[in-house]
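Undergrad: Just so you know, the protein sequences line up as chains A and B, in that order.
Positions 7 to 135 (our numbering) are the ones given, in order, by the first sequence.
Positions 688 to 914 (our numbering) are the ones given, in order, by the second sequence.
Read the hints as simulated data drawn from the structure, not as lab findings.
All C-beta atoms, glycine included, are put in the ideal place defined by N, C-alpha and C.
Treat the hints with care, since some could be wrong.
With the Cβ distance kept under 7 Å, some of the chain B side facing chain A (calculated, not the full set) [to be verified]:
no.	residue
1	LYS708
2	MET714
3	VAL718
4	GLU719
5	ASN721
6	SER722
7	LYS836
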Amino acid sequence: MSSVFIIEPDLVLAKVYEKGLIDSGYKVSCATNAEDVVSFLNDFKPNIIITELQIPNHNGIELLNELKSYNDLQDCPVIVNSIIPEDVLGLNSSASKSYNMKAYTYKPETTIKKLIGILEEVISSNESS
Amino acid sequence: MTADNSVDEKRLLAVLAEQLKLPITQMSRLVELNSDNEELIRQINETSEIALQLIYGVILSINTKSQTSLNLEPICLSRVLRSTADDLLMHAKKYDCELELDISSSSNPVMGNFRAYKSAFTTLGYTLVESQQKPGGKVIIKSYRQKDKIYAGIFSDNKIDSDSYKRAKILAGTARQPLSKNSSSSAGIFIADSIFSALATNLDLVRRRNLTGFVTSFVPSKQLELV
């Protein structure tokens with residue numbers, strides 16, 4: 007069973023995504039702020055991370071850099087599910103690659119079903135590589 | 688709070704528009720999580736997308752006018768209009784409105800911003816679909832060439848005269864029904880107008896054959912045609 011770590015600052019959406027993914031058979035942990043992310047990742051290594059970039063007291067790129075700094079997470083795929091549209095952020099493909107970012111979804115347009123679909127694709131592609 | 692310390696209205700609107708994304712997203716996801724009714728989920732998602740498009744249009748218009756840089760790139764107008772049609776199709780079906788695409792003249796590349804143009808045409812389209820007063824109406828996404836320009840816009844069989852449109856632009860934001868033929872605030876028309884004017888073009892009311900349309904003009908890039 008794949009373990010998913012969701013970084014989502016909105017408590018309502020965090021619970022929604024958590025339940026949606028648990029109902030789909032995933033083991034899920036959540037954090038809503040950067041401090042909780044750090045304390046969680048010190049003890050637990052997920053198979054995949056789904057993260058918002060607009061979180062309290064952190065900008066998105068800082069967070070991605072933070073995730074990159076964990077040795078155990080170098081190969082951990084990241085899906086960005088953000089309220090910031092991708093073209094506004096303007097990350098080029100080499101930057102995305104360096105963060106191991108496998109997908110970028112615009113949260114308001116991403117249903118739970120769509121997110122799970124992307125999650126399954128990323129996991130399966132990661133397992134076959 | 689003094690006048691110097693208060694957030695001006697435009698910035699307040701931009702802040703509000705950004706914030707509204709969250710409750711709308713929450714509503715859609717909560718319904719999705721708590722309902723087995725696929726059709727209901729689909730309709731709620733589509734309705735949320737309309738709200739989000741309108742919000743995006745407002746944010747874009749404010750940011751573009753305040754000189755936040757907008758990336759310009761060669762774009763294919765027909766791709767913008769086809770994408771607009773995809774977004775409007777379900778909305779048109781809800782209103783039992785026929786949606787037509789007539790874009791034979793728009794294959795030439797123009798310099799612009801895909802997302803901004805699409806947002807403008809889509810928000811315009813929502814209002815024109817919603818203003819259909821009876822089932823069986825028609826909305827046409829159209830482009831045509833006249834002299835050295837390409838015109839693109841959305842037409843409907845709802846007749847609006849230019850005086851009403853001029854008056855509506857003055858009343859927008861102060862009257863609940865600036866275009867009296869439309870029962871709504873016609874926000875999509877004004878949002879599109881605002882986006883196009885921020886991109887140094889106009890949204891004009893035109894009559895073509897039996898239809899009334901809101902169109903804007905593009906100058907095809909001769910340099911890009913050579914590429």
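Undergrad: Taking the earlier hints as the rules, which of them does this structure contradict?
TA: Result: hints 2, 3, 5, 6 and 7 break, sorted rising.
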